[in-house]
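K.L.:
Sequence:
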Amino acid sequence: MSVAGSLTQALVWYGVAFALSALLYPAVFRATPGLPDRGLSLAGPLGLLFAVAGPWWLAAAGIIRFTDTLLVAFPLVIGVALWVWEIRRGEILPYLRRNVATALLWSTVAMALFLGYVVFRGFNPDAAYTEKPMDMAMLASAIRATEMPPPDPWFAGEPINYYYLGYVLMAALARISGTTPGVAFSLSLATTFAYATVAAAGTATNIVRAAYAGKPTNGRGSAGLGGVLGAFLLVGIGNLVAPLRFLRDPSATLEAGWWTGVGWQASRVIVDHGVPGSSGPRPTINEFPAFSFVLGDLHPHVLAYPLFIATIGLAVGLFFQGASGRSRGGLRPLLSPLAASGIVAGALYAINSWDLPTALALTGGGLLLGAGRCQLRRVIAALGVLVGAALLTALPFALDYTPAVGTSADGIPSWIADLPVVGRLVRTIGIVIWPRSAATSLLTIYGLFLGITALLLSALWFLSPRWRRPAGGLLAAAVPIAVGIGSVARFAALWVIGLPLALLLLLLRRAPAEPALRATGALLAFGWALVLVPEVAFLQDAFGDRMNTVFKVYFQVWAILAVAGASAIVLALPHLRSVLGRAPTWAAGGVLALVMLGAALYPPLSAYRWTDGFREWRGIDALAYIANTAPAEGAAIQWLAENARPGDVVLEAPGCSYGVAAGLPHDRVSMATGIPTVIGWHFHEYQWRSGRPAELADIGQRQEDVNAIYSDPASPMARDLLERYRVRYIYVGTHEREGYEPGCTVGPPYPAERLAAFEQLGWPRVFEQGDVVIFERPDDPNLASRPN
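Numbered per the working numbering, the sequence shown spans residues 1 to 788.
Hints listed in this document are in silico derivations from the structure and should not be mistaken for laboratory results. Please read all numbers here as calculations on a predicted model, not as lab measurements. Glycine included, every Cβ here is placed at the ideal spot set by N, Cα and C. Please note: incorrect hints may appear among the correct ones.
[As the list claims (entries may be wrong)] SDA-like, lysine to any residue: derived pairs with alpha carbons at most 25 Å apart:
id	residue 1	residue 2
1	Lys215	Ala101
2	Lys215	Pro574
3	Lys215	Arg518
[Claimed, not checked] Quick list of simulated restraints, FRET-style, between CB atoms:
id	residue 1	residue 2	range
4	Ala398	Gly280	33 to 39 Å
5	Gly221	Gly277	53 to 59 Å
6	Leu391	Ala439	36 to 42 Å
7	Thr217	Ala19	33 to 39 Å
8	Thr108	Pro470	45 to 51 Å
9	Arg332	Val119	43 to 49 Å
10	Pro693	Ala73	39 to 45 Å
11	Gly388	Asn628	47 to 53 Å
12	Arg332	Thr217	29 to 35 Å
13	Pro94	Asn628	52 to 58 Å
14	Leu331	Trp85	19 to 25 Å
15	Pro276	Ala529	25 to 31 Å
Required output: the full structure, derived from the provided sequences and hints.
P.N.:
The structure is reproduced here in structure tokens:
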């Protein structure tokens, strides 16, 4: 498809997203009284969530089916009612008239980012490698779903046991706009990119604007700079792998491929050694937004990012609302912000469960810091509203979801394992007993943000009265002591992260800083405290190490540091200039700008290599490569997508996780259509169902059953198995005939003469092109001769 045609599709999608956000903006307006822009920069992700959360919740609770009619009617009715209510209150229209430029700015920036990413994605749109086939399968299933949770596309007969709400949010846009799954995949990434970037920019802008509230100068230029830096620090830079490699060997860095060069390698900085049960090094995952959006996996941590960053904005709003005294009229002024924050936190549990505790800590912290020394009863009531809204929102998801965490009780003393709460904690939380992250690794990932923190520390130091500053001798002694303890304990983060964090907390307590500066410092402190978490403990999962914990926590940290870092630069430099003078301040800012410039090498270099030098624009259909690689496969999959009904099951060969053969991902049929197959990527199902022993044991059995059907279709056992799994379609294509790549031995190839025996069962061929045949159940009352 041409660029113009793709952009037309994209604009239809974006028009739906914008309409939903506009309809639900009154809810965002009411939730953000503490933010100068009243949530205009957060309206995209929050509006989409508020529009879809109701239909999802009702369907997940089993009250109503998840239909297109519901997806349109619910936000329309609720949105109109909210607009009428807000207009009668007399606040929203005057505010929008005064701030029409702000509304237009964020809307224009969001759309420009969205369309820009659409163009970029078109140079390499294929959902073919890494986690993309899994993400595609989840999205396609959500687009087809009429019940919640959606059916698991790789475990027929069971619902998804994974964080799925993010896919449902994007599926709602696809269903309302009439977008196919392949195109929806690319547009979901573009929407997430635009919303996350604008949310970060808007939150940084709000912090800076709050610093100038009530002052003679409006600070418009400084606020604008804060917004630009917020977006830049979020998606415009990488860690320091790219500049360090470039300095060592410029030509090799520029010429290396994406996988062997900085494109992939920048996400694998921290490598653990000495992990119990492991004979070699264990790389951790150190993703950051620029990496994630170039790679383009539509994974839960990416889908959740706009709402996670919106949570930072909501937390800042709660802080400013309390610090300004606007919440002193009891609990009532806080009800809407707290309820909205709780709804977002609860939704995050169903989008990316790792974000729930962090979101609650952020918003709870914003509430407490802003409240100051207020009545304990009021604080408890406010926290009750926050947590209650989160629990209520997450309830239907939590009732159906079994977390895949925890290890076996073997090796744990029975008297501990049997304790009601302690036993579960011991099996769920692991302690890092091997050498922790090296100082060089931490500095490579967070060196720039540590420099920004140093800038803020300097400003807070000079703001503090001399008699309240920490003693210089004490600080001088603390450094070698922390370094010594960190070296002996193999805990470099103790001094690389711990020392700046401790000094920051101390100065925040002693410096008479304005609310905006305190909010900035508190966010930085919270981010650095999070970095320390996986240095000490990790969540026990299928991988048996801290890889996943580092991955998910570091991704959260980057967003927090990006927002806080942007406002820190803008707010700290004027204070330093007033104390040190222009020359030293410019020198410090110059050094920081140089490091930022180096970090900015990653996005263009990574994007250039990912797209093969922007060699060919191929459109935004993430599934078009199937028809280009194997036209018969593409036609067969399209036929199934058009003819299958809710509840249908398709039989295809079982596959290996991440497997690709003959240019097609394993389990490509269920992946592309969302129609459940008996068993798909087995290791992923192992991860998702490790908390359900019966289903976990069924994974291997399902593989054997599918192999038995394909190997001897005429046998009585094959007939029984087809009935048991309620199979409607049997797919025979490239993988079933030719098998997989070396190393994957879960099933195919199957004997050619046996594959032809399905007709002996009376299953007619309803599709045939080349070597691809689809058989349909003969006793289906809706069976009809349909053209290929």
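K.L.:
Indicate, hint by hint, whether the structure satisfies it.
P.N.:
Here is how each hint holds up against the structure:
| no. | hint | verdict |
| --- | --- | --- |
| 1 | Lys215 with Ala101 | holds (21 Å) |
| 2 | Lys215 with Pro574 | holds (15 Å) |
| 3 | Lys215 with Arg518 | holds (18 Å) |
| 4 | Ala398 with Gly280: 33 to 39 Å | holds (38 Å) |
| 5 | Gly221 with Gly277: 53 to 59 Å | holds (56 Å) |
| 6 | Leu391 with Ala439: 36 to 42 Å | holds (41 Å) |
| 7 | Thr217 with Ala19: 33 to 39 Å | holds (37 Å) |
| 8 | Thr108 with Pro470: 45 to 51 Å | holds (46 Å) |
| 9 | Arg332 with Val119: 43 to 49 Å | holds (47 Å) |
| 10 | Pro693 with Ala73: 39 to 45 Å | holds (41 Å) |
| 11 | Gly388 with Asn628: 47 to 53 Å | holds (51 Å) |
| 12 | Arg332 with Thr217: 29 to 35 Å | holds (34 Å) |
| 13 | Pro94 with Asn628: 52 to 58 Å | holds (55 Å) |
| 14 | Leu331 with Trp85: 19 to 25 Å | holds (20 Å) |
| 15 | Pro276 with Ala529: 25 to 31 Å | holds (26 Å) |
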